[in-house]
Amino acid sequence: MLRSFSIPTSLACCIKLGIVGFFASTTAFAPSLHAADFDANASINIGSLYEPQNLDNTAGAGQGINEAFNGNVYEALFRLSDSGAVEPVLAKDYKVSEDGLAYIFTLQPGVKFHSGEPLTAKDVKHSIERVTGPDSKSSRKNSLKGIASIETPDDATVVIKLSARSISLPYNLSYVWIVNDSGKDLKSAENGTGPYKLGDWRRGSSLSLARFEGYWGTKPTNSGVTFRYFTDATALNNALLTGSVDIITSVQSPDSLKQFQTNKSFTVAEGQSTTKLLLAYNDRVAPFDNVKVRKALARAIDKKKLLNAVWGDRGLVIGSFVPPTDPWYVDLTKVDDYNVESAKALLAEAGLKDGFTFTIDTPNYDPHPLVAQFLQTEYAKIGVKVNINIITANEWYSKVYKAHDFQATLQEHVNHRDIVFYSNPDFYWGYNNSKAIDLVKSSEASMTTDEQTGRLKEANTQIAEDAASNWLYLYPQIVVSKASVTGYPVNGLNSQFFTSAIQKGGK
Amino acid sequence: MSLTPADTPQPTAISVRRKIPLSLIVGGLIVGLHLLAGILTILWTPYEPTAMVGGRLAEPSIAHWAGTDRLGRDLFTQILIGARIALEVGSGAVLVGAGIGITLGTLAAFATRTLDDVFAAAFDILIAFPTLLVAMLIVTASQTASLFTAVLAIGIAGSAIIARLTRILVKRVLSMDYIVAARVAGSSWPSIVFVHVLPNIWPTLIVNLALQFGLAAMAESSLSYLGLGAPPPNASWGRLLQEAQGTVYTAPFGAIAPGLALVTLVIGMNLLADGLRAFADPTRRRSR
Chain A
1 MLRSFSIPTS LACCIKLGIV GFFASTTAFA PSLHAADFDA NASINIGSLY EPQNLDNTAG
61 AGQGINEAFN GNVYEALFRL SDSGAVEPVL AKDYKVSEDG LAYIFTLQPG VKFHSGEPLT
121 AKDVKHSIER VTGPDSKSSR KNSLKGIASI ETPDDATVVI KLSARSISLP YNLSYVWIVN
181 DSGKDLKSAE NGTGPYKLGD WRRGSSLSLA RFEGYWGTKP TNSGVTFRYF TDATALNNAL
241 LTGSVDIITS VQSPDSLKQF QTNKSFTVAE GQSTTKLLLA YNDRVAPFDN VKVRKALARA
301 IDKKKLLNAV WGDRGLVIGS FVPPTDPWYV DLTKVDDYNV ESAKALLAEA GLKDGFTFTI
361 DTPNYDPHPL VAQFLQTEYA KIGVKVNINI ITANEWYSKV YKAHDFQATL QEHVNHRDIV
421 FYSNPDFYWG YNNSKAIDLV KSSEASMTTD EQTGRLKEAN TQIAEDAASN WLYLYPQIVV
481 SKASVTGYPV NGLNSQFFTS AIQKGGK
Chain B
1 MSLTPADTPQ PTAISVRRKI PLSLIVGGLI VGLHLLAGIL TILWTPYEPT AMVGGRLAEP
61 SIAHWAGTDR LGRDLFTQIL IGARIALEVG SGAVLVGAGI GITLGTLAAF ATRTLDDVFA
121 AAFDILIAFP TLLVAMLIVT ASQTASLFTA VLAIGIAGSA IIARLTRILV KRVLSMDYIV
181 AARVAGSSWP SIVFVHVLPN IWPTLIVNLA LQFGLAAMAE SSLSYLGLGA PPPNASWGRL
241 LQEAQGTVYT APFGAIAPGL ALVTLVIGMN LLADGLRAFA DPTRRRSR
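Residue numbers (UniProt numbering), protein chains in the order written: chain A, 1 to 507; chain B, 1 to 288.
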C-alpha cells in the first residue's frame, strides 16, 4: 500500500492515497453509547500508520490528510458517508438545469470558518479553483475538468456551469475542501469549517484536533482527537494494548488481531474497504496485449487460497476492480474462475504453449513480496516463469507509474469509484478498449443515476471479460478500539475517518 | 607457514601447537553443520522449496520441523536453503573483499609515502561508513537486486577493512631485516610479496577473513530483510525474518527459526576465527 508514503504525492492520490472523493451515509458507524454513558470532554487518541506529508490535499499530502481532515477540519459541499452515500453538507440544497449543464447550489447559512469569517459563495469558488488550478496535485483534478465557469450571484449561491453533463458532480465535489479565500498557506495551517480546528502538529509523531466551539452543525461528542503516527504496525498494536491509543484506524494483518479478539477490553470491527490488490499488466506490451494471455493468467491463480494466506478468513474475492460499496458492483468472480487446465488451453491458443517469462515489479512492503511468490508458484504450474523485482515505492512511481517501463506490477488501489482509471489509455496499465472507454465516458452524461449505474455495470463487465488486470482480492477494513470507545466509522472509504461522533465511556 | 629462524618453534611450543583450542572445535562444528546443510540442499530438500505443502502458519511438527509460513511452505526447507545462500554470499563476499583489500593494501604499503597516505586516508574514510550502508548504496546504484550484486556489494563494502589491515601487516613485515636482506640479494618486488610477505601475514589475515565471513552473512540477511538481497524465491534468512515480522506474536517460530540459524552461523564463525587466531597466529603463540 502506498501507505508509508514518503514520496510523490500525486501517486498517493491516485493509488493508495485516498482521494477525497466520496459517497455516503452514516449507518455503518460502530454502535453509540447512551448520552449519559460517555464523557463529552474526553480526548480520543487515534493510532494510524498514515502520517500526512503536509496539510494540503491538493499538494500531495497523501492519504493521511484525508483520514485526519476530511469532515473533521474541512467540509465540502457534499460528503461521502461511511456507508457510501453522497449527502449534502455545506450545500443546503441544489437544483440542476434541464439540460444538466448548470448546477445551482444554495449554501448552508450561519457557517463560520475557524478564523471567524463567514462562509460565502466566493470561498466555494476559490476552493474549487484551487483543486482545478495548474498548481494542484489533486489526482481527481481531471474529474472536474468539465467545469466551464463558476458564478457567485450572491453570498449564498454558487452556480457551476458545465461544458458537458456530469452526473457525478456532487460526488466529485465531496472531495473539494471548502477553504477560506484569505490565502493562507494550507500546507502547514488550515482554515476550514469543520467541527475541529488544528491543535498541534508535531511532524513525525502526532497531529491533534481541538473542538471548534463556533461549529454550525452537531457538536462533537468529544473534546478533541489526536492522531498518533506509527511507522511500524507492531508498535501501533502495542500502543493500543498498553493504552496509549484508543483506536487503530486500520489493522493491516489478521495475525495481530488474535490478541484483541480474545480480550474483552477491545472491540474489533470489520467493515468494507475499497482497497483492491491487483496484478496490473502493461497491456500495451506483448504478450499482455493478448486478451487470451491475460485471461489465462487470471484463471491460473487460486485467489481464495491467496486471500487466505494473506488475510486468513477475511477480505473478499471480487473478480473485478469494483468493490461492493460502488453502486455499479457486479459479482464477476465466475468470469475467469480458477481453472488451471483452461488457463493452459488459453495459453496454447495464444501460441504460447510452452509458456513465457515475465517480471513482476513488486513493491518492497507487505504483502506484495509474499503475493509475488504465490503468483510465481501458481504460474509455474502453467509453464509461465515469473521473475520478482523488488522495488521501493519511489521506484514504483517513477518506473511503473510515470515511465510505464514494466511488464507487470503489484499494487493496491484504495479509491472508491475508481473504475474511471480504465477509461484512460494513458494510465500506467494502458488498457484500451473503445467500448469500455465509451461506456465510462457516456455514463457521466447520464440523466439519471440508474442510467449511469447501468452503463458502468456494463463497462465493469467488459473490463472483466477483457481481464484488463488481474484483480486478486478486496482488503477487509478492520478497526480495533478499546471497548469503552464507540461511534467511529468502520468502512474507511477513501481513507476517511470521521471523528466527531466518537465517544469515550465513563469518566 | 614460513617462519624465520627466530620464530622456529621450541620443543615446548610444538605441544602448544598441537593443542587445538576449544573455540576452534566448537566453531568448526557449528560452521561445518551449516556447511553440510547448505551442501545438502544442492542434492536434496525435505520439500520443494516453493511448494505450498501445509496449512497457513502451521506449528512445528514431525512433518514440518520449523512449521510453515503464511503460504504454507515448509520453513525448515527454506532455512536449509538459507544456509546455502548465507554461505554462498559469505564466501563470495570474502573472496571479493580479500581480492580487492589485499591488493590495495599491499600496493599502499609499497607505494611512496604520499600515495600511501592517500590510500590510508581513503581506507579510513570508507571504514567510517557502515558496511551495510555502503552495500545498500551499491545495490541501489546497480538497479538490480540479485545474489550476485549482493555478493559484490558486501565484498566491496567490506574490502576497506581488509585493505587497512593488509597495509599495516605488510608494512610491518617490510621493516624486518630479512626483507632488507632479500632486497640486497636482488629479489624482485613480486617475489618479495609472494615469497616473504604474504605467507607471513596470512595467519592474521585469515582470522580477520573468518570474522568478515560472519559479518557478510549478516549483511546479506540485512539486505534481504530490506528487500535488497537475493530476490524471492531465494530463501534468505533475512527475507524469512522480514516475512515473519507481522506474525511474530501468533507464529513466533517463523522468526525464531531463521533468527537462530543466523545467530549460530555468526557465533560459529566468530568462534572459528577466535580459535584460528589462538591456533595459528605466531605472535600470539610467542606471547604465551
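Just so you know, the hints here were simulated from the structure itself, not pulled from any lab data. Everything numeric in this text was worked out from a predicted model, so none of it was measured. Every residue gets a Cβ at the ideal spot worked out from N, C-alpha and C, and that includes glycine. Keep in mind that a hint or two might mislead.
Just a sample of chain B residues kept apart from chain A, beta carbon distances all over 10 Å, derived [said to hold, decoys possible]:
1) M52
2) E59
3) F76
4) A121
5) T144
6) V173
7) P231
Facing chain B, according to a computed beta carbon distance under 10 Å, are these residues of chain A, among others [unchecked claim]:
8) P88
9) D232
10) K258
11) D366
12) I390
13) T392
Hint by hint, here is what the structure shows:
Annotated as non-interface, M52/B brings its C-beta within 10 Å of a C-beta of chain A; the closest such distance is 7 Å. Look at E59/B: its CB is around 14 Å from the nearest CB on chain A, clear of 10 Å, so calling it non-interface holds up. Distance check for F76/B against chain A: the nearest CB is about 17 Å away, which clears 10 Å, and the non-interface claim stands. No Cβ of chain A approaches the Cβ of A121/B within 10 Å, the least distance being about 33 Å, so the stated non-interface status holds.
With a cut of 10 Å on Cβ distances, T144/B falls inside the contact zone with chain A, its closest approach being about 8 Å. Annotated as non-interface, V173/B keeps its C-beta farther than 10 Å from every C-beta of chain A; the closest such distance is 45 Å. P231/B, annotated as away from the interface, has a beta carbon of chain A within 10 Å; the closest lies near 5 Å. Interface restraint check: P88/A against chain B, minimum CB-CB distance 41 Å, threshold 10 Å, status violated.
Below 10 Å, beta-carbon pairs count as interface contacts, and D232/A has one with chain B at about 9 Å; its hint therefore holds. Satisfaction of the interface hint for K258/A is found here, the shortest Cβ-Cβ separation to chain B being roughly 5 Å, below the 10 Å cut-off. The beta carbon of D366/A comes within 6 Å of a beta carbon in chain B, closer than 10 Å, and the hint placing it at the interface holds. Evaluation of the I390/A hint against chain B yields a held restraint, the C-beta minimum of about 4 Å falling below 10 Å.
With its C-beta approaching chain B no nearer than about 8 Å, T392/A sits inside the 10 Å limit, and its interface hint holds.
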